[in-house]
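Residue numbers (UniProt numbering), protein chains in the order written: chain W, 1 to 366; chain G, 1 to 366.
There's no promise every hint is true.
Identical copies carry no separate label here, and so any pair may be met within one copy or between two of them.
Said to hold, decoys possible - For lysine-lysine, the following DSSO-like pairs were computed, each having C-alpha atoms within a straight-line distance of at most 30 Å:
| hint | residue 1 | residue 2 |
| --- | --- | --- |
| 1 | 30 | 364 |
| 2 | 134 | 92 |
| 3 | 364 | 62 |
| 4 | 85 | 138 |
| 5 | 73 | 286 |
| 6 | 134 | 62 |
Think of the hints as simulated: they come from the structure by calculation, not from any bench.
Since we're looking at a predicted model, the values are computed, not measured.
2 protein chains.
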Amino acid sequence: MRTELCDKLGIEYPIIGFTPSEHVAAAISKAGGLGVLGCVRFNDAGELDTVLDWMDANTGGKPYGVDIVMPAKIPAEGTQVDLDKLIPEEHKAFVERTLRELGVPELPEDTVERAGVLGWLHSVARSHVEVALKHPIKLIANALGSPPVDVIEQAHSHGVPVAALAGKAEHARRHVDNGVDFVVAQGYEAGGHTGEIGSMVLLPEIVDAVGAPVLAAGGIGSGRQVAAALALGAAGAWTGSIWLGTEEYLRTMPSSEAMQRALVAATSADTVRTRIYTGKPARLLKTRWTEAWAQPGAPEPLPMPLQNLLVSHAHNRLHEANDPGLVSMPAGQIIGRIDRIRPVAEIFAELLAGYDEALERLEKSR
Amino acid sequence: MRTELCDKLGIEYPIIGFTPSEHVAAAISKAGGLGVLGCVRFNDAGELDTVLDWMDANTGGKPYGVDIVMPAKIPAEGTQVDLDKLIPEEHKAFVERTLRELGVPELPEDTVERAGVLGWLHSVARSHVEVALKHPIKLIANALGSPPVDVIEQAHSHGVPVAALAGKAEHARRHVDNGVDFVVAQGYEAGGHTGEIGSMVLLPEIVDAVGAPVLAAGGIGSGRQVAAALALGAAGAWTGSIWLGTEEYLRTMPSSEAMQRALVAATSADTVRTRIYTGKPARLLKTRWTEAWAQPGAPEPLPMPLQNLLVSHAHNRLHEANDPGLVSMPAGQIIGRIDRIRPVAEIFAELLAGYDEALERLEKSR
């Protein structure tokens with residue numbers, strides 16, 4: 001399995017693996033793909049710096065990248081305290097009532113709470129870029145489209161290419177006009193922020209719309225799906241959700257056992273596209289928490305970044321509840337394929353073998 | 001392009017084309033695929049008989065099939081007059097008000113109105129099967145899952161295999177348990193009745209769930225997409241929406257010019273999955289009519305078959321309005337690819353050429 005992407009990124013196989021876990025990212029890079037570390041969890045850029053030091057020491061010199069979350073439109077800026085004032089009381093009351101009705105326990109009194117995600121404030125995302133460019137990264141991807149032109153130029157001045165997610169051909173065209181090097185065509189099936197056009201339709205549309213290489217995202221978790229993505233014209237595959245079901249993920253986030261149990265139990269029908277996580281449409285694991293927000297009478301989610309601040313305390317309580325039915329987690333439809341927790345290398349080897357099998361099958365059909 | 005499906009159906013290429021137009025169906029069969037004629041438009045089985053006589057005379061002896069719409073659960077039966085009584089006044093008032101607000105003209109006084117679609121009543125669908133089995137059909141497909149076991153047995157006793165649409169792996173398994181010969185895995189992208197799981201995820205899931213050959217539906221309109229479908233494990237492609245943009249379609253439905261103009265103008269983002277057409281979720285072209293039903297305050301659509309009876313008069317008026325912005329038409333996301341009205345044979349030739357190109361590209365990546 002080899003495309004132009006391999007030469008451009010210095011990787012063996014055209015498989016990119018997005019993950020918030022440095023242990024997963026390193027394992028993907030060591031397997032011959034490109035591990036891309038999600039930065040949005042680092043409210044403090046110093047923390048990211050430490051983790052990238054760990055990456056530098058643990059990827060055996062193999063290339064890796066980072067993923068930032070920089071919205072095209074600059075959202076409300078400010079400290080968590082300032083922003084909290086913009087959240088309506090009705091919304092706070094709904095969250096409190098819902099947690100009570102779902103039987104989610106209060107946090108123990110001595111808990112030091114994890115703050116809400118601020119990584120999608122431009123100020124914080126820019127600090128991620130600053131820090132990342134001090135490390136030997138091979139890619140900066142932006143999960144919310146094209147970063148500002150000056151950020152792209154900053155990356156290019158360090159010789160680092162930039163990738164941007166797109167859910168429509170017109171967005172992809174705009175990204176490339178801004179100087180983006182790779183477009184990640186993210187289909188409806190994908191976890192996290194995603195649009196409404198399915199991968200089967202979106203991918204060739206974006207391939208035809210832009211001259212830049214296109215990575216296929218959304219619904220990819222097997223070698224057959226990588227083959228389909230390449231048949232549709234992609235230069236490589238962008239994978240994400242399948243890496244949530246790995247041993248390495250649990251090493252970074254040891255308290256994610258309930259989430260992994262939920263993934264193993266879930267079918268491809270057990271996700272939902274909703275604005276309740278960040279304020280923008282994102283696909284999440286369907287749980288009693290997401291269902292509560294879909295009931296008549298539930299408030300409309302707030303815009304980014306307020307919605308996540310609204311639910312950040314709830315996320316902490318849901319996480320502590322340690323109940324697979326109450327997990328709040330971005331995940332794509334491919335999670336229906338996760339039937340046990342495995343090492344990254346095993347999944348990666350299956351992607352390669354499945355790809356070869358698919359191509360052999362196709363060749364027989366000519 | 002050749003798979004086991006070709007031998008099973010006696011066709012040259014594993015491409016099935018669903019269409020309500022006999023002219024399109026005949027052209028697909030003559031091009032080497034299998035044209036499948038949608039029967040739901042025939043409230044009178046005698047009309048279907050006449051059209052199938054025409055097919056027998058105009059397919060040059062090439063195989064063709066028919067598509068019926070038989071819900072798994074038997075819907076309310078009755079004449080149109082009986083059923084009309086079950087429709088709430090609130091709904092009738094909304095339809096009337098919406099047509100007025102959209103500026104849709106009344107029908108001329110001497111119009112003989114086309115009745116609502118009754119083809120999905122079991123009684124009518126059974127009459128379609130009776131009539132179709134008197135013709136040399138090679139396939140009966142059911143757009144709403146497995147037909148009743150006795151209908152499958154009736155088809156088999158005439159040597160005719162049965163295909164059934166599925167939007168989930170568990171449904172596919174049930175269809176095959178009932179005796180269905182082929183499963184049509186219909187992804188979220190598809191036009192008409194469709195589920196929520198994208199083709200990229202759904203297709204390999206259904207392939208692995210059943211032993212029967214699987215046809216890929218949803219988002220297929222180019223050879224690259226046929227190659228992707230086969231890479232994902234399909235034995236063939238089930239196409240539909242792309243044939244709406246053909247010269248042959250206009251020959252059967254000469255008053256569909258506004259619809260075709262709407263298709264040519266539409267992008268892949270211009271469809272919506274809604275219950276307003278039949279009562280079950282179906283993907284339609286997004287127009288001012290579908291948008292009106294998405295407004296706050298619009299009533300919830302009624303169950304099948306009442307919803308279509310509710311809107312059948314509106315459909316006639318919308319059709320007569322001859323305005324691309326007011327069309328009511330099932331269509332999949334692939335319509336973004338329709339950029340002009342062409343002959344069936346030209347589209348078919350492109351499917352074959354695009355497939356070969358995709359395979360050549362893939363072979364280079366090994």
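Tested hints:
1. In the homo-oligomer, the alpha carbons of residue 30 and residue 364 lie at most 30 Å apart only across protomers (24 Å), although the nearest pairing inside one protomer, at 33 Å, exceeds that limit.
2. For the identical chains of this complex, residue 134 and residue 92 are neighbours neither inside a copy (40 Å) nor across copies (66 Å), given an alpha-carbon limit of 30 Å.
3. In this assembly of identical chains, the alpha carbons of residue 364 and residue 62 lie at most 30 Å apart only when taken from different copies (25 Å versus 36 Å within one copy).
4. Proximity of residue 85 to residue 138 under the C-alpha cut-off of 30 Å is found in neither arrangement, the shortest distances being 39 Å within a copy and 67 Å between copies.
5. Taking CA atoms no more than 30 Å apart as the test, residue 73 paired with residue 286 passes in both settings, with 28 Å inside one copy and 27 Å between copies.
6. Proximity of residue 134 and residue 62 under a CA criterion of 30 Å is satisfied intra-copy only: 16 Å inside one chain copy versus 66 Å between copies.
Checked against the numbered hints listed earlier, the structure breaks hints 2 and 4; every other hint is satisfied.
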